[in-house]
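2 protein chains.
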Amino acid sequence: MRFKVPEVTVGRLSLYLRCLNELEEEGIEVVSSSELGRRCGVNPAQIRKDLAYFGEFGTRGVGYYVKELKGDIKRVMGLHKTWEVALVGLGNLGTALLRYKGFQQHGFRLSVAFDVDLKGKNVPEGCKLYHASEMEHVIREKGIKIAIITVHHSQAQEVAEKLAKAGVKGILNFAPTRIRLPNKVVIRNVDMGTELEILTFYLSIKGTR
Amino acid sequence: MRFKVPEVTVGRLSLYLRCLNELEEEGIEVVSSSELGRRCGVNPAQIRKDLAYFGEFGTRGVGYYVKELKGDIKRVMGLHKTWEVALVGLGNLGTALLRYKGFQQHGFRLSVAFDVDLKGKNVPEGCKLYHASEMEHVIREKGIKIAIITVHHSQAQEVAEKLAKAGVKGILNFAPTRIRLPNKVVIRNVDMGTELEILTFYLSIKGTR
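In order, the protein sequences belong to chains Z and G.
Numbering follows the working numbering, with no gaps: position 156 of the first sequence is 156.
Numbering follows the working numbering, with no gaps: position 48 of the second sequence is 48.
Just chain Z, with the same shape it has in the complex (with noise of 0.2 Å):
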């Protein structure tokens, strides 16, 4: 890749994945930039844009072709393949992501989770279920690249540690805290606290409050 790819872009190919996705269910093989953009809510020429940091897309006065674009973002979002994610820790949020259906609508598999207790916990068919005593053996058995960490705030960083020296090279974090790992690990810190924050920000400036 030439350039630096803003985060925003990314975000937003990950939306237009999903527009296509119901374009394609609805049996439509062609869309022009102007449809997709109405669907997705965003501007055209932004999505002309985003597209353009990967290469050439579309037609001229044609537009997209779905099934063809579709493949094409996939591929450079590393979506061509399943991925098997690992979920370290099993309280509420844990339990819920497990159940989550976006994550396998997305075309991962939560196939293995972690917990200290494991009593009273249960994990939904197809998922395995270990004591973190066994997670670095598991996940460096397994070749496991991506690892979700929803444990309380104080063993976050400890257990990024070990999942990197496993090899995990990809964390999304859900625990309130930052994490932080040599550059070679890939971290997203999910704070729902920052969710809630930036719509206060939109609400304040309409004058809500």
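A portion of the hints provided could be inaccurate.
In the EDC-like style, the derived pairs of lysine to aspartate or glutamate whose C-alpha atoms are separated by at most 20 Å in a straight line are [said to hold, decoys possible]:
(1) G:Lys74 <-> Z:Glu195
(2) G:Lys184 <-> Z:Glu7
(3) Z:Lys49 <-> G:Glu125
(4) G:Lys206 <-> Z:Glu84
(5) Z:Lys128 <-> Z:Glu56
(6) Z:Lys101 <-> G:Glu195
(7) G:Lys67 <-> G:Glu25
(8) Z:Lys145 <-> G:Glu29
(9) Z:Lys101 <-> Z:Asp117
(10) Z:Lys101 <-> Z:Glu125
(11) Z:Lys4 <-> G:Asp72
(12) Z:Lys206 <-> G:Glu25
(13) G:Lys206 <-> Z:Glu125
(14) G:Lys81 <-> Z:Glu24
(15) G:Lys67 <-> G:Glu29
(16) G:Lys145 <-> G:Glu84
(17) Z:Lys70 <-> G:Glu195
(18) G:Lys206 <-> Z:Glu7
(19) Z:Lys101 <-> Z:Glu22
(20) G:Lys4 <-> Z:Glu7
(21) Z:Lys162 <-> Z:Glu195
(22) Z:Lys81 <-> G:Glu195
(23) G:Lys4 <-> Z:Glu195
(24) Z:Lys67 <-> Z:Glu26
(25) G:Lys142 <-> G:Glu125
(26) G:Lys145 <-> Z:Glu195
(27) Z:Lys67 <-> Z:Glu136
(28) Z:Lys206 <-> G:Asp72
(29) G:Lys162 <-> G:Glu195
(30) Z:Lys4 <-> G:Glu195
What the hints contain is simulated information worked out from the structure, not anything from laboratory work.
We have chain Z already, so just place chain G on it with the hints.
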């Protein structure tokens, strides 16, 4: 506000706030933009650019007064007061979010929760549980402006419309479906699948797979 503020800037404001909180807890009164940058993992020039949307902050050659900047950002984000928040849908995810420490840390109070089935549901202290049929009435009476939706995706749009009618101005939607409402309501769709996709994008660039 004179300019449209990019959403990434708003997200970073939230991050700056968190770093300023840390500094305050450590008893640090003044911070340079380079030190603040190091802590937040953001380029100092970017920090200055982000803050410039809202006015002039900091003193040349000195830096930022921690307490002052914190107060300013809170005001900009509408966080100088506590917001009451309603949660709709007490499945695993809803239950997890009710107990999520991050919201309180950010000055939000999840004070009411609704579900169609109250059997076996319980909520933490300070939160009151109601049947979904009382939702519009309770929200209107309490003047609640923010709601979190964690219902099944087939119900999300309908719930959102009811909330908007009852006076809610901002919605955080965790159901894996896009909610559409008139512009006067601000909606943030939190799609955990997207979060994982952004991760795989960066892993793919790095050649992890």
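Structure-based check of each hint:
1. G:Lys74 <-> Z:Glu195: 15 Å, holds
2. G:Lys184 <-> Z:Glu7: 27 Å, violated
3. Z:Lys49 <-> G:Glu125: Distance of about 49 Å is beyond 20 Å: violated.
4. G:Lys206 <-> Z:Glu84: Measuring from Cα to Cα gives roughly 18 Å; hence the hint holds.
5. Z:Lys128 <-> Z:Glu56: 42 Å, violated
6. Z:Lys101 <-> G:Glu195: 14 Å, holds
7. G:Lys67 <-> G:Glu25: This hinted pair holds, its Cα atoms lying about 11 Å apart.
8. Z:Lys145 <-> G:Glu29: 41 Å, violated
9. Z:Lys101 <-> Z:Asp117: 25 Å, violated
10. Z:Lys101 <-> Z:Glu125: The hint holds at about 13 Å.
11. Z:Lys4 <-> G:Asp72: Roughly 32 Å between the alpha carbons, so the hint for lysine 4 of chain Z and aspartate 72 of chain G is violated.
12. Z:Lys206 <-> G:Glu25: 32 Å, violated
13. G:Lys206 <-> Z:Glu125: Answer violated: lysine 206 of chain G to glutamate 125 of chain Z is near 32 Å, above 20 Å.
14. G:Lys81 <-> Z:Glu24: Cα-Cα ~46 Å, so violated.
15. G:Lys67 <-> G:Glu29: 7 Å, holds
16. G:Lys145 <-> G:Glu84: Within the cut-off at roughly 7 Å; holds.
17. Z:Lys70 <-> G:Glu195: It holds: about 18 Å lies between the C-alpha atoms, which stays within 20 Å.
18. G:Lys206 <-> Z:Glu7: Within the cut-off at roughly 15 Å; holds.
19. Z:Lys101 <-> Z:Glu22: 16 Å, holds
20. G:Lys4 <-> Z:Glu7: 18 Å, holds
21. Z:Lys162 <-> Z:Glu195: 28 Å, violated
22. Z:Lys81 <-> G:Glu195: 17 Å, holds
23. G:Lys4 <-> Z:Glu195: 19 Å, holds
24. Z:Lys67 <-> Z:Glu26: Roughly 12 Å between the alpha carbons, so the hint for lysine 67 of chain Z and glutamate 26 of chain Z holds.
25. G:Lys142 <-> G:Glu125: Roughly 18 Å between the alpha carbons, so the hint for lysine 142 of chain G and glutamate 125 of chain G holds.
26. G:Lys145 <-> Z:Glu195: 15 Å, holds
27. Z:Lys67 <-> Z:Glu136: Judged against 20 Å, a Cα distance of about 39 Å means the pair is violated.
28. Z:Lys206 <-> G:Asp72: 18 Å, holds
29. G:Lys162 <-> G:Glu195: 28 Å, violated
30. Z:Lys4 <-> G:Glu195: 19 Å, holds
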